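Undergrad: As a plain string of letters, each chain reads:
There are 2 protein chains.
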Amino acid sequence: MGEEVSNKQIILKEYVKGFPKESDMILKTSTIKLKIPEDDCNDAVLVKNLYLSCDPYMRSRMSNIVGSYVDSFTPGSAITGYGVGRVVDSSNPNFKIGDLIWGITGWEEYSLIKSTQRLFKIHHTDGVPLSYYTGLLGMAGTTAYCGFYEVCSPKKGETVFISAASGAVGQLVGQFAKLLGCYVVGSAGTKEKVDLLKNKFGFDDAFNYKEEPDLNAALKRYFPDGIDVYFENVGGKMLEAVLLNMRVHGRIAVCGMISQYNLEQPEGVSNLFCLITKRIRMEGFLVFDYYHLYPKYLEMVLPLIKQGKISYVEDVAEGLESAPAALVGLFSGRNVGKQLVVVARD
Amino acid sequence: MGEEVSNKQIILKEYVKGFPKESDMILKTSTIKLKIPEDDCNDAVLVKNLYLSCDPYMRSRMSNIVGSYVDSFTPGSAITGYGVGRVVDSSNPNFKIGDLIWGITGWEEYSLIKSTQRLFKIHHTDGVPLSYYTGLLGMAGTTAYCGFYEVCSPKKGETVFISAASGAVGQLVGQFAKLLGCYVVGSAGTKEKVDLLKNKFGFDDAFNYKEEPDLNAALKRYFPDGIDVYFENVGGKMLEAVLLNMRVHGRIAVCGMISQYNLEQPEGVSNLFCLITKRIRMEGFLVFDYYHLYPKYLEMVLPLIKQGKISYVEDVAEGLESAPAALVGLFSGRNVGKQLVVVARD
Numbered sequence: 001m002g003e004e005v006s007n008k009q010i011i012l013k014e015y016v017k018g019f020p021k022e023s024d025m026i027l028k029t030s031t032i033k034l035k036i037p038e039d040d041c042n043d044a045v046l047v048k049n050l051y052l053s054c055d056p057y058m059r060s061r062m063s064n065i066v067g068s069y070v071d072s073f074t075p076g077s078a079i080t081g082y083g084v085g086r087v088v089d090s091s092n093p094n095f096k097i098g099d100l101i102w103g104i105t106g107w108e109e110y111s112l113i114k115s116t117q118r119l120f121k122i123h124h125t126d127g128v129p130l131s132y133y134t135g136l137l138g139m140a141g142t143t144a145y146c147g148f149y150e151v152c153s154p155k156k157g158e159t160v161f162i163s164a165a166s167g168a169v170g171q172l173v174g175q176f177a178k179l180l181g182c183y184v185v186g187s188a189g190t191k192e193k194v195d196l197l198k199n200k201f202g203f204d205d206a207f208n209y210k211e212e213p214d215l216n217a218a219l220k221r222y223f224p225d226g227i228d229v230y231f232e233n234v235g236g237k238m239l240e241a242v243l244l245n246m247r248v249h250g251r252i253a254v255c256g257m258i259s260q261y262n263l264e265q266p267e268g269v270s271n272l273f274c275l276i277t278k279r280i281r282m283e284g285f286l287v288f289d290y291y292h293l294y295p296k297y298l299e300m301v302l303p304l305i306k307q308g309k310i311s312y313v314e315d316v317a318e319g320l321e322s323a324p325a326a327l328v329g330l331f332s333g334r335n336v337g338k339q340l341v342v343v344a345r346d
Numbered sequence: 001m002g003e004e005v006s007n008k009q010i011i012l013k014e015y016v017k018g019f020p021k022e023s024d025m026i027l028k029t030s031t032i033k034l035k036i037p038e039d040d041c042n043d044a045v046l047v048k049n050l051y052l053s054c055d056p057y058m059r060s061r062m063s064n065i066v067g068s069y070v071d072s073f074t075p076g077s078a079i080t081g082y083g084v085g086r087v088v089d090s091s092n093p094n095f096k097i098g099d100l101i102w103g104i105t106g107w108e109e110y111s112l113i114k115s116t117q118r119l120f121k122i123h124h125t126d127g128v129p130l131s132y133y134t135g136l137l138g139m140a141g142t143t144a145y146c147g148f149y150e151v152c153s154p155k156k157g158e159t160v161f162i163s164a165a166s167g168a169v170g171q172l173v174g175q176f177a178k179l180l181g182c183y184v185v186g187s188a189g190t191k192e193k194v195d196l197l198k199n200k201f202g203f204d205d206a207f208n209y210k211e212e213p214d215l216n217a218a219l220k221r222y223f224p225d226g227i228d229v230y231f232e233n234v235g236g237k238m239l240e241a242v243l244l245n246m247r248v249h250g251r252i253a254v255c256g257m258i259s260q261y262n263l264e265q266p267e268g269v270s271n272l273f274c275l276i277t278k279r280i281r282m283e284g285f286l287v288f289d290y291y292h293l294y295p296k297y298l299e300m301v302l303p304l305i306k307q308g309k310i311s312y313v314e315d316v317a318e319g320l321e322s323a324p325a326a327l328v329g330l331f332s333g334r335n336v337g338k339q340l341v342v343v344a345r346d
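Protein sequences, first through last, are from chains A and B.
Just so it is clear: in the first sequence, position 324 is 324 by UniProt numbering, and no numbers are missing.
Just so it is clear: in the second sequence, position 72 is 72 by UniProt numbering, and no numbers are missing.
To be clear, the hints were calculated from the coordinates, so they are not data collected in a lab.
Just so you know, these numbers come straight off a predicted model, no measurement behind them.
It is possible that part of the hints are untrue.
Any copy, or any two copies together, can satisfy a pair, since identical chains are not distinguished.
Heads up, simulated PhoX-like pairs for lysine-lysine below, C-alpha to C-alpha not over 25 angstroms straight-line [said to hold, decoys possible]: (1) Lys155 to Lys220; (2) Lys198 to Lys121; (3) Lys278 to Lys237; (4) Lys191 to Lys96; (5) Lys17 to Lys278; (6) Lys114 to Lys96; (7) Lys156 to Lys309.
Make a model of the complete structure from these sequences and hints.
TA: Quick look at the structure:
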C-alpha cells in the first residue's frame with residue numbers, strides 16, 4: 001500500500017539566462033506515496049533523500065541547451081542532481097529497503113528513481129560521514145581521481161596548478177598531487193580559501209586570483225620554471241594566462257570552466273598557438289566515462305581518509321529550503337569547500 | 001684550399017609585423033670559400049643548396065619572439081630553412097663529398113652547416129624526384145605521418161577533416177586517412193585547390209572556405225554525424241566551427257594555425273567548453289619530437305609513392321631570386337601544393 005506523505009520539492013521555475021538567482025527556484029509541497037507504482041517498476045527504487053550535492057555542472061542544466069551532454073532540467077519539475085538517500089521501496093532485488101545509495105536523485109524529500117542504472121550502493125560507512133558520498137566518495141571524488149590520474153598523466157616531481165582549488169574537486173586533486181610528490185599551487189577567490197589550501201590541504205602555495213591584476217605575472221611568480229600539469233576548473237582569462245606558463249609537453253585536464261557558465265558570450269582564448277610551440281595536450285573529460293574505476297578509487301581513498309592523509313572540507317546547508325541559495329552561491333564562490341544540502345540526517 | 005665563389009643569399013632586412021612582404025627580404029651577393037674553415041670543423045659540412053622549402057612555420061622566425069620554439073632569423077643574415085643539398089666539403093666522415101642531404105640550411109647558393117646533428121642523408125633517389133625531400137620525403141611528410149598516426153589516433157571508418165588541406169602537410173594527411181579507410185573532407189581557399197583535393201588526392205569531398213559565409217553550416221553539411229578527427233592547420237574561426245561539429249571522444253591534432261600568424265591580435269576561440277562536453281583531446285605537436293620515426297615513415301611511404309598510391313603536388317619557384325615571393329605567397333594562399341624553390345638542379 002504505502003502511506004502518502006508530504007514531499008517538499010525545489011522546482012525550477014523557468015530556464016535561466018546569466019547568473020542564476022534564488023528566485024529562479026521555488027519550494028513546493030506536494031505528496032508522494034511511499035510505494036513504487038505498479039505500472040513502472042521492474043528497476044525502480046523509491047528513496048528518502050538525505051544529502052544533496054550542489055555542483056557547477058548543474059548550471060548548464062538550468063538553460064535550455066539542445067544537444068548538451070546532460071539533459072536540461074524541466075521547468076515546473078523538481079531539480080535533479082547527485083545525492084545520497086535511503087531506499088524505502090524497491091522493485092530491484094539488488095536494492096533492498098534500508099540500503100544506502102548515491103547517484104542522481106531529485107531535490108525533494110522523497111524521489112522515485114525509475115532506473116537504478118546510475119545508482120551506486122553505499123557499502124562503507126564506518127569512519128566516514130555519509131555526506132562524503134555527495135562529493136569525496138561520490139562524483140567529485142571520482143572526477144578528481146580520474147581527471148588527475150587518467151587525464152593528466154602526472155609524474156612525481158612535476159609542477160601542478162589547480163584553479164578553483166578549494167572546490168570539491170580541486171581540493172582533492174591538489175592532495176592527490178601532493179601524495180604523488182608534485183609541487184602544487186592552487187588559486188581561489190578569497191583569503192579564507194587560500195589559507196585552507198595552504199594550511200588544511202597542504203598545497204605548497206596558493207593565491208587569490210581576485211588580488212592579481214596580472215594572472216600571467218602571478219603564475220610566473222609561483223612557477224618560475226613553468227607548469228607541467230594544469231587542472232582546469234575555470235576557463236577564460238585564467239586559461240589564457242596558464243597557456244603562457246605551461247612547460248613543453250605539459251598537460252591540461254579540462255574539468256570545468258566555471259568562470260564562463262553565466263556569460264552570454266564566453267571569453268575567447270587567443271593564444272592556443274601555445275599548444276603547438278609547447279606540444280601541450282589539452283583534454284576535456286567527464287566523470288561518466290570513468291565510473292568503472294569507482295571501485296578502484298574507493299580502494300585507494302578510503303584508507304587514506306582513515307589514516308588522515310586526505311582532508312576534506314564541506315560547506316553544509318541545512319534543510320531543503322536552503323538548497324537554492326546553496327546552488328546559486330557556487331557561482332559567486334560563496335561556498336567554502338564542497339557545497340551540500342542536508343535534507344534529513346536519517 | 002677551396003676556390004672562392006660568389007654566393008647569392010636571401011637576407012631578412014628586419015623583423016616583420018603583420019603580413020610579410022617580398023620587400024622584407026633582399027638578394028645579396030657575397031662570396032664563400034668552398035672549403036670548411038679550419039677553426040670550426042669537427043662536425044661541419046659545406047653544401048651546395050639545390051632545393052629550398054617554404055614553410056608556414058617560418059613566419060614566426062621572421063618576428064623577434066623571445067622564447068619561441070624556434071629561433072628568430074637574424075636580420076642582415078641569410079634566412080634559414082629546410083632544404084636539399086649536395087655536400088661539397090665535410091669534416092664529418094659520415095658525410096662524404098657528393099652525398100645528398102636534407103635538413104636546415106641557408107637560403108643561399110652554398111651553406112656552411114656547422115653541425116650535422118639535424119641533417120638527414122638521402123639514400124633513396126630511385127623513382128622519386130630529389131625535390132620531394134623538401135616536403136613529402138622530408139619535414140612536411142614526417143609531420144603528416146606523425147601528426148596523423150601518432151597524435152590523431154585514427155581508426156578505420158572515422159570521419160576526418162583537414163583544413164589548409166592542399167598544402168604540403170594537408171594533402172598527405174588526407175591520403176593517409178583515405179588509405180586507412182576514413183571518410184575525408186578538406187577545406188582550401190580556391191576552386192582549383194578544391195578540385196585538386198577531390199580529383200587528385202582522392203578526398204571524399206572538399207570545400208572552399210572563402211565561399212562559406214557560415215563555416216559551422218558548411219561542416220554540418222559535410223559531416224552530418226560529426227567529425228572524429230580534425231587535423232588543424234589554420235586556427236581561429238575554423239577551429240571554433242570545428243569544435244561545434246566534433247563528435248564525442250574526438251581528437252584534434254594541432255599542427256599549425258596559419259590564419260593567425262600575421263594578426264597582431266589572434267582571434268579568440270570562445271567555445272572551448274566543447275572540449276569537456278565532447279571529451280575532446282586537442283594536442284599540439286612539432287615534428288622535431290618525432291624524427292626518430294623518420295626511417296619507419298620512409299619505409300611506409302616510398303613503396304606507396306612507387307605504386308602510385310600517394311599523389312603529391314609541388315609548386316615550384318625557379319631560382320633563388322624567386323624565393324621571397326614564394327615564401328610570402330604561402331600566407332595569401334597563392335601556392336598550390338607544396339611550395340619549394342629551385343636553387344640549382346645539380
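Undergrad: Checking an output row: Lys191 and Lys96, CA cutoff 25 angstroms. Within, between, both or neither?
TA: neither (46 angstroms within a copy, 67 angstroms between copies)
Undergrad: If the cut is 25 angstroms between Cα atoms, do Lys17 and Lys278 qualify within a copy, between copies, both or neither?
TA: between (37 angstroms within a copy, 23 angstroms between copies)
Undergrad: Check Lys198 against Lys121 for me: Cα-Cα at most 25 angstroms, and say if that holds within a copy, between copies, both or neither.
TA: For Lys198 and Lys121, the Cα distance exceeds 25 angstroms both inside one copy (34 angstroms) and across copies (55 angstroms).
Undergrad: Is it within a copy, between copies, both, or neither that the alpha carbon of Lys278 lies no farther than 25 angstroms from that of Lys237?
TA: Both: 19 angstroms inside a copy, 22 angstroms across copies.
Undergrad: First find the shortest C-alpha distance between Lys155 and Lys220 inside one copy, then the shortest across copies, and answer within, between, both or neither for a cut-off of 25 angstroms.
TA: Within one copy only: 21 angstroms inside a chain, 40 angstroms across chains, cut-off 25 angstroms.
Undergrad: For Lys114 and Lys96, with the copy left unspecified, which applies at a CA distance of at most 25 angstroms: within, between, both, or neither?
TA: Classified as within: same-chain Cα gap 15 angstroms, cross-chain 77 angstroms, threshold 25 angstroms.
Undergrad: One pair to classify: Lys156 and Lys309, alpha carbons no more than 25 angstroms apart. Within, between, both, or neither?
TA: Within one copy only: 18 angstroms inside, 46 angstroms across.
The structure fails hints 2, 4 (numbered hints given earlier, in ascending order).
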